[in-house]
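Trainee: For reference, the chains in residue letters:
Protein chains: 2
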Amino acid sequence: MSELRKDPVSRRWVIFSPDRAHRPVDVKSKGEEKIQEEVVNCPFCEGKEKIAGTEILAYDKILGRKPNTPGWWVRVLENKYPALENKENLEKRAEGIYDWMNDLGRHEIIVETPNHFIQLPDLTEEEIEKVLLSFKERYYNIKNNPHIEYILIFKNYGKEAGASLQHSHSQLIATPVVPNRVKEEIKNSHEYYTFRDRCIFCDIVTQELSSRKRIIEENSDFVSFVFYAGRFPYETWILPKEHASNFEDTSIEKIRSLAEILKKTLTKIQKALNDTPYNLVFHTLPVKMKDKEYFHWHIEIMPKTTRVAGFEWGSGFYINPILPEDAAKILNSVE
Amino acid sequence: MSELRKDPVSRRWVIFSPDRAHRPVDVKSKGEEKIQEEVVNCPFCEGKEKIAGTEILAYDKILGRKPNTPGWWVRVLENKYPALENKENLEKRAEGIYDWMNDLGRHEIIVETPNHFIQLPDLTEEEIEKVLLSFKERYYNIKNNPHIEYILIFKNYGKEAGASLQHSHSQLIATPVVPNRVKEEIKNSHEYYTFRDRCIFCDIVTQELSSRKRIIEENSDFVSFVFYAGRFPYETWILPKEHASNFEDTSIEKIRSLAEILKKTLTKIQKALNDTPYNLVFHTLPVKMKDKEYFHWHIEIMPKTTRVAGFEWGSGFYINPILPEDAAKILNSVE
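Residue numbers (my numbering), protein chains in the order written: chain A, 560 to 894; chain B, 560 to 894.
The set of hints was computed from the structure by calculation and includes no laboratory data. Check before you lean on any hint, since a few could be wrong.
Where chains are identical, the list cannot tell them apart; a pair therefore holds if satisfied intra-copy or between any two copies.
[Claimed, not checked] No more than 27 angstroms apart at the CA atoms, straight line, and that leaves these computed lysine-lysine pairs for DSSO-like:
#1 Lys609 x Lys651
#2 Lys639 x Lys565
#3 Lys772 x Lys695
#4 Lys565 x Lys746
#5 Lys695 x Lys742
#6 Lys565 x Lys742
#7 Lys772 x Lys565
None of these values were measured; they are calculated from a predicted model.
In isolation and in its complexed conformation, chain A is listed as follows (with noise of 0.2 angstroms):
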């Protein structure tokens, strides 16, 4: 049972989830061993599917198969310890000058694949297409929600970058409002496009695509490009070239092309940065709104070499210790 709470100053809305203490962790530093038994424990794996939290959705291998057993590409399933809750009822009141609210919202788990020792680079891009179609799915069926206001799909790879479990996955979380850094993105772009009359990602994507400093990969539909003032080290975005400002709306041509992508730019930075934790953050609309001409769906890579301290959680200035041309350098010179 969670609460949300909102500071007043910063107007940001903490999720207080006491229960999330509780949850299993077998995620290891890089570079610590990995012991062969935890795959025993590991409520991901192919055979553990009676100990994982319930299914919501899977991709099947078996034709006929049944939910909750063996036999899967991809299995999406509730969080066993949520950070929000799929409830009827969304509850509001003051708390003083402060504000509450309860916990309704959804987690989920979309477990990437049934093999524990596979990551989600190393997949091969048929089998990244199926979770891409699967995050999707699971946001045109919780979008329908009238509560809902907000869908954020990220994945968290490697105990510096906040994972707890290491078989691979990724995660959905719904909240009901929407939340402060997407508002900002969506107000600044806004703004951008009422100044200029043209959207700032796709000014960003004409740039990138013409100095070609930052490049890492490209096909007909994306490029990703180490970001010109990333906040991390290696920060790389990955854009449609062509706008589009919701995900869910993707084809399925496209989702085709972001798997081959996704995994070419991944597979770059494993290498180059020797199985580095990571975050990756899709950042789309809103679920309430659609087809903005100013707004650009696209997908944050953030590799966690550096350690935030208090500069920055006092400023939201970020010191970053490489220069993103020579980060693109580095990432482009593996092979």
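Position chain B against the provided structure of chain A, taking the given hints into account.
Mentor: Chain B alone, transformed into the frame defined by chain A:
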């Protein structure tokens, strides 16, 4: 030589500082053994003044002490690996659609004690008072520079909090723009004041002192409490009880009182959480603003017991596994 680049979407500035990748590191993770020989190379130890950065200010133990020699309580140094540097001219230019600035600013180290093996909460109140007075003195000195818009004072303790050297120290970074998070706090508190004709922080202090559910320490001038909507477990704020917008205008008498509550609060945190890494950040008005009825300076202490993950980076929403009331009980249980 650093440079500043602006993210046109979030409008956040990032300092790119390749030289900082070469700074010395001796800090250990919690639990790792502290090695005696580190003291031999520590540039902040008494007797090592020649290898430290240039001395800007010192409070002397020895009458007639010469700069950069032993015999001091507190010493303020130029950072040898600065994120920003003391320069004459602020340069700004466009890089296509992006914005660029040179690295004008200040980056100073406040060495809090000559002793390598004592940390801030273990100093006497008189010694902590000297540390706080040095902050105030540097603040007054730097604020006259017409290019400086903000002065951020902060402390990183422990590897997980981003510290690189273990010898007890704080840092000061002066920036040529007001950081986004500061702008946001000021804008939001201003709006609250416009709506209610009261300072939001004064309201928070009143409610905390009345409910007493989250109080950690209190004296005649200050109160510390676990924040109602803290991003991090045990996040604790220290505020002056009486409205005051600028830290640097705190009277000498109140600085003594601040030293007392800071020592007691940090001691509880360090005892209850077993010497946990933490960030401590001063929040005060930008240098060109003064005596605002809607802003209230304060200190935020953020122990680092959890890791920030993709959900937080993507949304600005935080997940905190410990209710502040329970965290306050745990902090208050130590003797």
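Trainee: Decide, hint by hint, whether the structure agrees.
Mentor: Results for each hint:
Taking identical chains as interchangeable, the C-alpha atoms of Lys609 and Lys651 are never at most 27 angstroms apart, the minima being 35 angstroms within one chain and 60 angstroms between chains. In this assembly of identical chains, the alpha carbons of Lys639 and Lys565 lie at most 27 angstroms apart only when taken from the same copy (25 angstroms versus 40 angstroms across copies). Taking the closest pair of Cα atoms, Lys772 and Lys695 never come within 27 angstroms of each other, the shortest separation being 32 angstroms inside a single copy and 44 angstroms across copies. Taking CA atoms no more than 27 angstroms apart as the test, Lys565 paired with Lys746 passes in both settings, with 20 angstroms inside one copy and 17 angstroms between copies.
Proximity of Lys695 and Lys742 under a CA criterion of 27 angstroms is satisfied intra-copy only: 22 angstroms inside one chain copy versus 36 angstroms between copies. Taking identical chains as interchangeable, the C-alpha atoms of Lys565 and Lys742 lie at most 27 angstroms apart whether they share a chain (16 angstroms) or sit on different chains (18 angstroms). Proximity of Lys772 and Lys565 under a CA criterion of 27 angstroms is satisfied inter-copy only: 17 angstroms between copies versus 41 angstroms inside one chain copy.
The structure does not agree with the numbered hints 1 and 3 stated previously, though it agrees with the rest.
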